[in-house]
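Based on the hints, put chain B in the right spot on chain A.
Number of protein chains: 2
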Amino acid sequence: MSKQVGMSSTQLTKPIYIREWASAVGKKEGEGPLGQLFDFVGGDDLLGNKTWEEAESAFQKKAVSLLFEKDNEAYNRVRFILAGDLLGQEIASSFGLKDFRFPMFGLYGACSTCGESLSLGSMLVDGGFAEQVVCVTSSHFASAEKEFRYPLDYGSQRPPCSTWTVTGSGAYLLSREKHENRAQTPKDCGKNNPGDCAMESIASDLPRKCVIERKYEVAITAVTTGKIIDYGIKDSMNMGACMAPAACDTIYRHLKDFEREPEYYDKIITGDLGTVGQTVLLDLLKQKGFDISERHMDCGIEIFNSEEQGTNAGGSGCGCAASVLAAYLLPRLASGEWKRILFLPTGALLSKVSFNEGKSIPGIAHAVVIERM
Amino acid sequence: MSKQVGMSSTQLTKPIYIREWASAVGKKEGEGPLGQLFDFVGGDDLLGNKTWEEAESAFQKKAVSLLFEKDNEAYNRVRFILAGDLLGQEIASSFGLKDFRFPMFGLYGACSTCGESLSLGSMLVDGGFAEQVVCVTSSHFASAEKEFRYPLDYGSQRPPCSTWTVTGSGAYLLSREKHENRAQTPKDCGKNNPGDCAMESIASDLPRKCVIERKYEVAITAVTTGKIIDYGIKDSMNMGACMAPAACDTIYRHLKDFEREPEYYDKIITGDLGTVGQTVLLDLLKQKGFDISERHMDCGIEIFNSEEQGTNAGGSGCGCAASVLAAYLLPRLASGEWKRILFLPTGALLSKVSFNEGKSIPGIAHAVVIERM
Numbered sequence: 002m003s004k005q006v007g008m009s010s011t012q013l014t015k016p017i018y019i020r021e022w023a024s025a026v027g028k029k030e031g032e033g034p035l036g037q038l039f040d041f042v043g044g045d046d047l048l049g050n051k052t053w054e055e056a057e058s059a060f061q062k063k064a065v066s067l068l069f070e071k072d073n074e075a076y077n078r079v080r081f082i083l084a085g086d087l088l089g090q091e092i093a094s095s096f097g098l099k100d101f102r103f104p105m106f107g108l109y110g111a112c113s114t115c116g117e118s119l120s121l122g123s124m125l126v127d128g129g130f131a132e133q134v135v136c137v138t139s140s141h142f143a144s145a146e147k148e149f150r151y152p153l154d155y156g157s158q159r160p161p162c163s164t165w166t167v168t169g170s171g172a173y174l175l176s177r178e179k180h181e182n183r184a185q186t187p188k189d190c191g192k193n194n195p196g197d198c199a200m201e202s203i204a205s206d207l208p209r210k211c212v213i214e215r216k217y218e219v220a221i222t223a224v225t226t227g228k229i230i231d232y233g234i235k236d237s238m239n240m241g242a243c244m245a246p247a248a249c250d251t252i253y254r255h256l257k258d259f260e261r262e263p264e265y266y267d268k269i270i271t272g273d274l275g276t277v278g279q280t281v282l283l284d285l286l287k288q289k290g291f292d293i294s295e296r297h298m299d300c301g302i303e304i305f306n307s308e309e310q311g312t313n314a315g316g317s318g319c320g321c322a323a324s325v326l327a328a329y330l331l332p333r334l335a336s337g338e339w340k341r342i343l344f345l346p347t348g349a350l351l352s353k354v355s356f357n358e359g360k361s362i363p364g365i366a367h368a369v370v371i372e373r374m
Numbered sequence: 002m003s004k005q006v007g008m009s010s011t012q013l014t015k016p017i018y019i020r021e022w023a024s025a026v027g028k029k030e031g032e033g034p035l036g037q038l039f040d041f042v043g044g045d046d047l048l049g050n051k052t053w054e055e056a057e058s059a060f061q062k063k064a065v066s067l068l069f070e071k072d073n074e075a076y077n078r079v080r081f082i083l084a085g086d087l088l089g090q091e092i093a094s095s096f097g098l099k100d101f102r103f104p105m106f107g108l109y110g111a112c113s114t115c116g117e118s119l120s121l122g123s124m125l126v127d128g129g130f131a132e133q134v135v136c137v138t139s140s141h142f143a144s145a146e147k148e149f150r151y152p153l154d155y156g157s158q159r160p161p162c163s164t165w166t167v168t169g170s171g172a173y174l175l176s177r178e179k180h181e182n183r184a185q186t187p188k189d190c191g192k193n194n195p196g197d198c199a200m201e202s203i204a205s206d207l208p209r210k211c212v213i214e215r216k217y218e219v220a221i222t223a224v225t226t227g228k229i230i231d232y233g234i235k236d237s238m239n240m241g242a243c244m245a246p247a248a249c250d251t252i253y254r255h256l257k258d259f260e261r262e263p264e265y266y267d268k269i270i271t272g273d274l275g276t277v278g279q280t281v282l283l284d285l286l287k288q289k290g291f292d293i294s295e296r297h298m299d300c301g302i303e304i305f306n307s308e309e310q311g312t313n314a315g316g317s318g319c320g321c322a323a324s325v326l327a328a329y330l331l332p333r334l335a336s337g338e339w340k341r342i343l344f345l346p347t348g349a350l351l352s353k354v355s356f357n358e359g360k361s362i363p364g365i366a367h368a369v370v371i372e373r374m
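As given, the protein sequences belong to chains A and B, one line each in that order. Terminal number for the first sequence in our numbering: 374, no gaps in between. Terminal number for the second sequence in our numbering: 374, no gaps in between.
Quick caveat, the hints were computed from the structure, so don't treat them as lab data. Fair warning: this is a prediction, and the values are worked out from it, not measured in the lab. Honestly, I wouldn't trust all of these hints.
Any copy will do: because identical chains look the same in the list, a pair fits if it lies in one copy or spans two.
[To be verified] Derived EDC-like pairs (lysine to aspartate or glutamate); straight-line CA-CA distance at most 20 Å: (1) 99 to 358; (2) 51 to 358; (3) 353 to 231; (4) 99 to 236; (5) 179 to 372; (6) 353 to 146; (7) 147 to 358; (8) 99 to 231; (9) 71 to 260; (10) 4 to 372; (11) 340 to 267; (12) 51 to 100; (13) 287 to 260; (14) 71 to 292; (15) 235 to 100; (16) 28 to 309; (17) 99 to 70; (18) 268 to 292; (19) 235 to 181; (20) 71 to 32; (21) 340 to 264.
With the rest of the complex left out, here is chain A (with noise of 0.2 Å):
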């Protein structure tokens, strides 16, 4: 039986394995320092899609489908999929999920949503519910845009602390056991030695679906989940400050729950904070008597270089988060580089309505621990 560890933390019976896991993103993201990393990097935004919902549900699709290249076992076992992106009525899910025909928990946390879904995915696979599930989201720029400011055309201003939304998908592969026989060897991998491949030179010429040497295998063994906590911001321009506390909510009863330090991790890892954000959550810890700066790191600021690519405060939306742990993360905890890491994705939850109501903006952060084994 799974421990309940304070008022909203579990840790998980036996670790639950990221199996396996995949990215595909569009081409200003390939373009990014990651760029290299990214399972696929599409040619255009559409991927030969009419529209920009559809474009969003082929990136979902295509990071589903690429688990299932990688494991190709995995499609008869699968029992549940778990999903959900950022547009009205998750239609990015729905449209890009349904040819797979797999029962199917549609979720919402904005952009924490890969956090919800790898919380919920691991505790149904913890609790004998499934021997493996599938978590996947996503979000879309021109989607995104389009559902929450204004229609691209406009070329509306983008003000410093605003972010850029990503246009990916990330995948994972929860499973109760460990891949026994996994392919070690890189495919299409320029270097011959694979420990050359070991993540120390990210961004740098890494040839695409360069297979990482895994040393160790990957697994999550515990969750917080998230409260949705409103500082009464208004501003969606600047989404980092309206999810910053509830970041600051979750890592603060995580840490008090299992009665850690920071220094227990690795890392703590934000989903899309961007620049702005971050400096409000450091601020509030260190309020509340934690200083992580030294260990946070956000998939925001991670995924574009801000300066060349004008992406302002930085990444965000459902890919975001989603996309890094997949393409960055999760190889830095399989090659050995880092032990244990706290993986927070961060959501802001309004919409147009809301906004235009003059609702405020409240926000909601679902934690996991990610470590290697």
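For chain B alone, coordinates are given in the frame of chain A:
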């Protein structure tokens, strides 16, 4: 350890009690055939708020508050809240529930979300991840029309196959333990004998807040998880037809997974197919060899008197199945009239964007087995 049954069903290890339930609905629902059975009926559909969205949040908040009025020890025992609604980015749930400060999992399955929340909620409790969880969903006629179709002020024509989104919310307290010391005395009930309240007199003059005598506890014992089923229907004014194939798929898989005949259940109850969807469902299931015509019931057909109330094919929405389950179905199990039901809220996976872009409207239906204990 719970038992995985067939490809997509789950037999829970032990019954997960629906310890308490509550419903809060709008004026029109209160004037319908089930009007006297709801815990709370609003005097108007704004409940003192400025916007329809705020009003929907207020109904959801009211339903959850009623749960805690009924079981005032529950507030400190609830570990998670699983919630969802129909609005873009689920703002009814975010703003309705934030003040409760529970760790929250946001769910989206369109009008099937009530079934999704009961599925995941009962699995989380069964797996030992929580002692108690709250499941809640809502919808609102006016916020839904604005979200999916036309502003109310247009006075647009409604074809006979259209359904009327229910204004209301249903909330449930799921628990590992049954309620040992439940008060059985009817409150505000004009009848002297509690047995008179035992649901034979639906739509009679039962006073509001009448407490039905609970001869039995009620529990969820099994789950069959929905798949996205798309028959290519594109008419957002005929949601029943869009959802019926998904209902058929889930019922069929459920019966096959458990090797049961429809007669195993007193009733097989869909969420909001309405009269048109009901016909489609019965026909489709007959083609697959199952005749459920004698035991099929639909919450959307029950909640309104369509001829008098002008609701055409019936009621619909996340709040339809949720409020009818709380007000009408669970009491019939608790009173002993029924032994077990298969309850499957049905959802149509569309947004106004997908509709306007000419996409089809896939459906999904999440089933739970609910039994008296």
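Each hint tested on the structure:
no. : hint       : verdict
1   : 99 to 358  : between (34 Å within a copy, 18 Å between copies)
2   : 51 to 358  : between (31 Å within a copy, 9 Å between copies)
3   : 353 to 231 : within (17 Å within a copy, 28 Å between copies)
4   : 99 to 236  : between (35 Å within a copy, 19 Å between copies)
5   : 179 to 372 : within (13 Å within a copy, 38 Å between copies)
6   : 353 to 146 : both (10 Å within a copy, 16 Å between copies)
7   : 147 to 358 : both (18 Å within a copy, 14 Å between copies)
8   : 99 to 231  : between (34 Å within a copy, 8 Å between copies)
9   : 71 to 260  : neither (38 Å within a copy, 35 Å between copies)
10  : 4 to 372   : within (18 Å within a copy, 28 Å between copies)
11  : 340 to 267 : within (7 Å within a copy, 54 Å between copies)
12  : 51 to 100  : within (19 Å within a copy, 42 Å between copies)
13  : 287 to 260 : within (17 Å within a copy, 58 Å between copies)
14  : 71 to 292  : neither (39 Å within a copy, 43 Å between copies)
15  : 235 to 100 : between (38 Å within a copy, 18 Å between copies)
16  : 28 to 309  : within (15 Å within a copy, 57 Å between copies)
17  : 99 to 70   : within (18 Å within a copy, 41 Å between copies)
18  : 268 to 292 : within (12 Å within a copy, 57 Å between copies)
19  : 235 to 181 : neither (50 Å within a copy, 46 Å between copies)
20  : 71 to 32   : neither (24 Å within a copy, 57 Å between copies)
21  : 340 to 264 : within (12 Å within a copy, 55 Å between copies)
Violated hints, listed in ascending order, are 9, 14, 19, 20; each of the other numbered hints is respected by the structure.
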